[in-house]
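Engineer: Listed below are the residues making up each chain.
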Amino acid sequence: MTMGEYEIINEGQRQRPSDAIIAQIRDRYPTEPEIDRVLTSKMKRRQAGKCFEAATLNQLVEGTSNLISDRLGRPVKISNAKWLSGGASKIQMKFELDWTEPNGEERTDVLVLRMEPAASVTESSRTREFEVIHAVNGIIPAPRAFWVDPDGSFLPYPAMVYAFASGSAKPSYDAGKVSGLGQNYGPKLRAQLAPQFVGLLAKLHTIDVARIDGMEHFDRPTVGSNQSIIRQVNSMRRIWEEDRIEEEPIMEIIYRWLIANAPPLDHVSIVHGDYRSGNFLFDEEQGKITAWLDWEGASLGDRHQDLTYAIMPSFAHLAEDETTLLGSGMMAENDLYVAYEKASGLTVDPVRIAYFNIYNRYLIAILTLAASARASRSRGTHQDVLVNYVVGLGYPALADLRDYYLGVVK
Amino acid sequence: MIRDFDAQLQVALTALQDIVAPALSGADNHVIEQLMLSVATVGFVKARLPEARRFYRMDLRSWIELSKNAAQIVSVPDVMAKTIADGVHVLTDPEADIADFENISRQLRDHVTALSAAAVGQPYEADLDSVILEKLGVLIAQNRQWTASFGFELQPENLPLAAW
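Chains as they are written, first to last, in our numbering: chain A, -5 to 404; chain R, 198 to 361.
If you are wondering where the hints come from, they were derived from the structure by calculation, not from laboratory data.
Hints are supplied without guarantee of correctness; some may be wrong.
[Unchecked claim] A partial selection of chain R residues facing chain A, derived with a Cβ cut-off under 10 Å:
| no. | residue |
| --- | --- |
| 1 | S235 |
| 2 | R254 |
| 3 | T344 |
Quick caveat: nothing in here was measured; it's all calculated off a predicted structure.
Where is the CB? At the ideal position from N, CA and C, for every residue including glycine.
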């Protein structure tokens, strides 16, 4: 049944999409070529009925060894491999590598293999993640990226190898928390980490994108145009079309608003895309951020996307006064903006803040009610029970989206 | 019925919590995490299973009500009118089960969304969207109450009481 441009796709078509359904969704919601490639691959895997197939540690060691040997042109030795926990979306293995740099330097490094499962909370490009980590090297503390297997030629699924970063994602007294959602760092640690949290965001957003080599798999947006934002909104809508279990009419209303009100870019920044508690490591004794992780959602775009994401209620908790909402367990919304303007020299525009507050709420609703729900139901990941648990965030996120939207449009 | 669902889930939870969890002391964090999440998931099912039919019935009632409200604003297609009628019938059918409620609710979700998409630029667009946003606010709050045990609510005590 067709009404306007909206087309009803039933559950059976989502579970086993035909080429026509895949093409129809791609045509309706055009996005960046690399994002299109990733999402199309996801649908093709689903079309083929592929669930996640667990790999043994030995299989990953062998595949990683073959990948690195191929890239270096000489054999390497991997030892002390073990599973690495943390995060809801990727499979990770920590290992030691004895190898020789192209300049002849012999070294032993502790590295991490980061591999996609068959389906994920966030379908993303290992190539883009690899490129953006290179781009911020020396500016933002992030693990050095070494090698990438973009198509899963050596490993069961696409993967990359990067340096192991020391530090903790959660305070020692609260290690049971999942993925930094509502993480409370406590007053002392918070006071130490919050200035770094803002300062690094300011540094990231003020990198001169025009002077960066690489990032070939990112579209380069134009100041004064809103086309890059529209493509990003379309990529989210595409995930909603491809993954949702059931329709939510509110998502249709808000999609239209996001397209109609997309603001033109006033400055092009590297946007992390998942800048929040749980996605950085820190040294608890020194109170210092040691590494920013999870660059898979990075894009070239509007800084307000990261600013508003960091203060999403989904990643916040109430301060000791039980009234102040601390974004990412760090600081209140207005405090964050004031500190950011001072650190970056860039303005925080209230209109764009309102827009990206809706944008990010829309994103979170999609990642929970659609992507996570679909990935866990289709037995697509190595930790379906965790991905399924994250779906529980979906209705609070949808309510928050609706309430915020009503506050803006009224 | 000796093998009632509640008892089956209870014994499984007891085994996981009292026997398996202590035995995993020292295991990798992700193993312990998956066990605890499994316990939480089974616990959710145990708590909600007895209420499931009432919940899905309430959900369908809400979608029928919203669909009828929409039909007062705009003429709905025949297929949607038939789905509304099917839903009304299912609500009064003592043999209807959860799958029947869920199936028709899902169809109405699609139809209401399609109506909203088709309303773009029409004089009734704002009225229709307003009804959707208002009615779904109530239903989303019930879904939050239904899933509150997963622990994502900042202030669960502020949620409206269960209406199912």
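Engineer: Does each hint fit the structure? Answer for all of them.
Structural biologist: Consistency of the hints with the structure:
1. S235: Since the shortest Cβ distance to chain A is 5 Å, the answer is holds.
2. R254: Hint violated; R254 (chain R) Cβ to chain A Cβ min 16 Å, cut 10 Å.
3. T344: T344 (chain R) check passes; min Cβ-Cβ to chain A is 5 Å, inside 10 Å.
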